[in-house]
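**Student:** If you're matching them up, the sequences are chains A and B in order.
For the record, in the first sequence the residue sitting at position 150 is 150 according to this note's numbering, with numbers rising by one throughout.
For the record, in the second sequence the residue sitting at position 82 is 82 according to this note's numbering, with numbers rising by one throughout.
The set of hints was computed from the structure by calculation and includes no laboratory data.
Incorrect hints may have been included.
Unchecked claim - When the alpha-carbon atoms are kept at most 20 Å apart in a straight line, the in silico DMTMM-like pairs for lysine to aspartate or glutamate are as follows: (1) B:K19 / B:D47; (2) B:K70 / A:E66; (3) A:K91 / B:D93; (4) A:K154 / A:E191; (5) A:K188 / A:D94; (6) A:K91 / B:D47; (7) A:K188 / B:D152; (8) B:K70 / A:E191; (9) B:K156 / B:D93; (10) A:K187 / B:D152; (11) A:K91 / B:D45; (12) A:K188 / B:D93; (13) A:K188 / A:E66; (14) B:K18 / B:E43; (15) A:K187 / B:D93; (16) B:K19 / B:E149; (17) A:K14 / A:D94.
What the hints assert, rightly or not - Which chain B residues stay away from chain A? Per the calculated CB distances, all over 10 Å, these: (18) P10; (19) S12; (20) T113; (21) A127; (22) I130.
Stated by the list, open to error - Computed footprint of chain B on chain A; a stretch qualifies when at least three of its residues, placed anywhere within it, have a C-beta under 8 Å from a C-beta of chain B: (23) 62–73; (24) 85–91; (25) 171–181; (26) 185–191.
Note that the structure is predicted; figures quoted are calculated from it, not measured.
Virtual Cβ for every residue (Gly too), placed ideally from N, Cα, C.
One letter stands for each residue in the lines below.
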Amino acid sequence: MINNTDAVRLLDSKRNGAVIVPTMNAGNVRMGLPSVSTHDELDFPLSGCMGKASSVGLGLALAHPERKIMVLDGDGSLLMNLGTMVTVSNKAPDNLIHFLFDNGIYAVTGGQPVPGAGQADWKLLAEGAGYAATFSFDNLEDLTTSIDQVLAAKGPVFVHLVVEPEIDNTPVQFRAPARRTVHTAIKKLPEAIGRG
Amino acid sequence: MTVYESVLHPTSIVEELKKNKFTHVVWLPDSETNFMYQLLTNEPDLDLVPVCREGETMAIAAGLWVGGKKPVVLIQNTGIFESGDSIRGLALDVHQPLVMLIGYRGWSRHGLTNDSAARFIEHILHAWGITYFLIETDDDADRISLAAEEADRTQKPVAVLVGSEFGA
Ligand SMILES: Cc1ncc(C[n+]2csc(CCOP(=O)(O)OP(=O)(O)O)c2C)c(N)n1
Numbered sequence: 001m002i003n004n005t006d007a008v009r010l011l012d013s014k015r016n017g018a019v020i021v022p023t024m025n026a027g028n029v030r031m032g033l034p035s036v037s038t039h040d041e042l043d044f045p046l047s048g049c050m051g052k053a054s055s056v057g058l059g060l061a062l063a064h065p066e067r068k069i070m071v072l073d074g075d076g077s078l079l080m081n082l083g084t085m086v087t088v089s090n091k092a093p094d095n096l097i098h099f100l101f102d103n104g105i106y107a108v109t110g111g112q113p114v115p116g117a118g119q120a121d122w123k124l125l126a127e128g129a130g131y132a133a134t135f136s137f138d139n140l141e142d143l144t145t146s147i148d149q150v151l152a153a154k155g156p157v158f159v160h161l162v163v164e165p166e167i168d169n170t171p172v173q174f175r176a177p178a179r180r181t182v183h184t185a186i187k188k189l190p191e192a193i194g195r196g
Numbered sequence: 001m002t003v004y005e006s007v008l009h010p011t012s013i014v015e016e017l018k019k020n021k022f023t024h025v026v027w028l029p030d031s032e033t034n035f036m037y038q039l040l041t042n043e044p045d046l047d048l049v050p051v052c053r054e055g056e057t058m059a060i061a062a063g064l065w066v067g068g069k070k071p072v073v074l075i076q077n078t079g080i081f082e083s084g085d086s087i088r089g090l091a092l093d094v095h096q097p098l099v100m101l102i103g104y105r106g107w108s109r110h111g112l113t114n115d116s117a118a119r120f121i122e123h124i125l126h127a128w129g130i131t132y133f134l135i136e137t138d139d140d141a142d143r144i145s146l147a148a149e150e151a152d153r154t155q156k157p158v159a160v161l162v163g164s165e166f167g168a
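Generate the whole structure from the sequences, applying the supplied hints.
**Tutor:** Below you can see the structure in the form of structure tokens.
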């Protein structure tokens with residue numbers, strides 16, 4: 001299993017100008033991208049609209065074909081919008097990389113198992129949907145060794161990551177407020193990336 | 001007696017979309033706007049983004065908008081019922097100036113409609129505070145321009161209900 005923070009740190013270190021759209025645990029202030037991001041002017045944290053990170057990522061990828069867009073999705077979230085995998089494959093933006101943080105649970109709501117946890121085959125689903133390249137990693141070493149190859153693949157790329165089921169037990173009202181929210185991103189991202 | 005031709009031609013809508021410099025049509029087909037499909041697929045200025053479920057449309061549009069493009073959503077009223085959380089979270093909450101063309105299934109100006117898709121849609125739009133326009137004939141098509149202006153002015157989603165009296 002891959003530690004959430006290790007995963008986002010590695011992806012951030014390899015972003016090279018990519019816009020990153022993290023959601024749920026991958027966007028958590030304590031363990032997700034905001035805790036390690038070196039370029040938060042290019043982060044588009046998506047909270048408050050479960051399941052739609054890959055849809056927003058698709059829109060960004062179509063608007064900016066010259067720039068890599070990395071989506072960091074949750075498994076419960078992707079299950080809620082499974083058709084997105086076919087929508088993405090159909091438009092086939094070669095600059096979109098869809099990472100799935102598969103922890104088998106709905107961590108944000110307390111850790112209830114998602115339907116099909118440990119049973120649904122995410123790499124196979126992505127292949128079946130038509131992603132141009134698909135990968136699956138369950139340990140940091142393999143992910144670290146292969147990340148350059150993953151990022152060099154022609155998209156849309158799907159990357160299944162088996163991550164630790166970490167639950168943030170701090171009640172929402174006591175959590176550190178996010179420095180960058182979806183609202184900041186909407187206001188500031190256009191000037192950071194220009195018009196597509 | 002003058003006979004007025006009261007139909008809506010797909011070219012009137014597509015011309016409006018081009019006039020307003022929309023770049024992408026994010027859509028899921030419906031019988032009310034089916035007549036536009038052929039035209040849209042042949043239109044080089046408008047990139048068609050087909051989705052599997054309508055809730056994707058506002059989210060894809062949000063990404064396009066932040067990326068500097070000008071998307072329009074084209075779905076059926078039933079699709080609006082499917083899309084509640086996206087309209088809330090990625091259109092209203094983030095002030096997306098999004099024009100949504102909505103096929104008005106069940107709409108009739110000739111009496112009662114039995115279609116709940118028609119009976120609920122205006123109430124839902126009212127509940128969200130979403131301004132809407134109705135177009136039924138070519139003469140109404142420029143309401144798409146009004147909708148685009150209203151969306152820009154208010155930085156909010158605006159709906160255009162497409163009534164179902166179409167020409168070929
Ligand atoms: C439409 C909708 N249904 C339910 C919720 C409640 N909810 C918030 S976060 C969450 C769990 C997200 O799970 P997952 O995508 O697997 O990410 P994780 O929390 O495991 O990182 C749920 C069910 C919601 N926000 N929106």
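**Student:** Minimum C-beta separation from B:I130 to chain A exceeding 10 Å: can you confirm that?
**Tutor:** For B:I130, whose nearest Cβ neighbour in chain A is about 17 Å away, the distance exceeds 10 Å, so it holds.
**Student:** Has the given pair, A:K187 with B:D93, been kept, meaning a C-alpha gap of at most 20 Å?
**Tutor:** 13 Å, holds
**Student:** Is the hinted pair A:K188 and A:E66 satisfied, with a Cα-Cα distance of at most 20 Å?
**Tutor:** 19 Å, holds
**Student:** A:K188 and B:D152 were given as a pair; does the straight-line alpha-carbon distance stay at or below 20 Å?
**Tutor:** 18 Å, holds
**Student:** Counting residues of the stretch 85–91 of chain A with a beta carbon closer than 8 Å to any beta carbon of chain B, are there 3 or more?
**Tutor:** This one holds; 4 residues, not fewer than the three required, reach chain B with a Cβ under 8 Å.
**Student:** Would the hint linking B:K19 and B:E149 be met if the CA-CA limit is 20 Å?
**Tutor:** 12 Å, holds
**Student:** Between A:K91 and B:D93, does the CA-CA distance stay at or below 20 Å?
**Tutor:** Roughly 27 Å between the alpha carbons, so the hint for A:K91 and B:D93 is violated.
**Student:** Just to be careful, I want the Cα atoms of B:K19 and B:D47 compared with a cutoff of 20 Å; is the pair within it?
**Tutor:** 15 Å, holds
**Student:** Below or equal to 20 Å on CA atoms is what counts here, so check A:K188 against A:D94.
**Tutor:** 25 Å, violated
**Student:** Given the hinted pair B:K70 and A:E191, is their Cα-Cα distance within 20 Å?
**Tutor:** 16 Å, holds
**Student:** Take a quick look at B:T113 and tell me if its Cβ sits farther than 10 Å from every Cβ on chain A, holds or violated.
**Tutor:** 29 Å, holds
**Student:** Starting from B:K156, check that the Cα of B:D93 is at most 20 Å away, please.
**Tutor:** 9 Å, holds
Going through the hint list in order, the structure does not satisfy hints 3, 4, 5 and 25.
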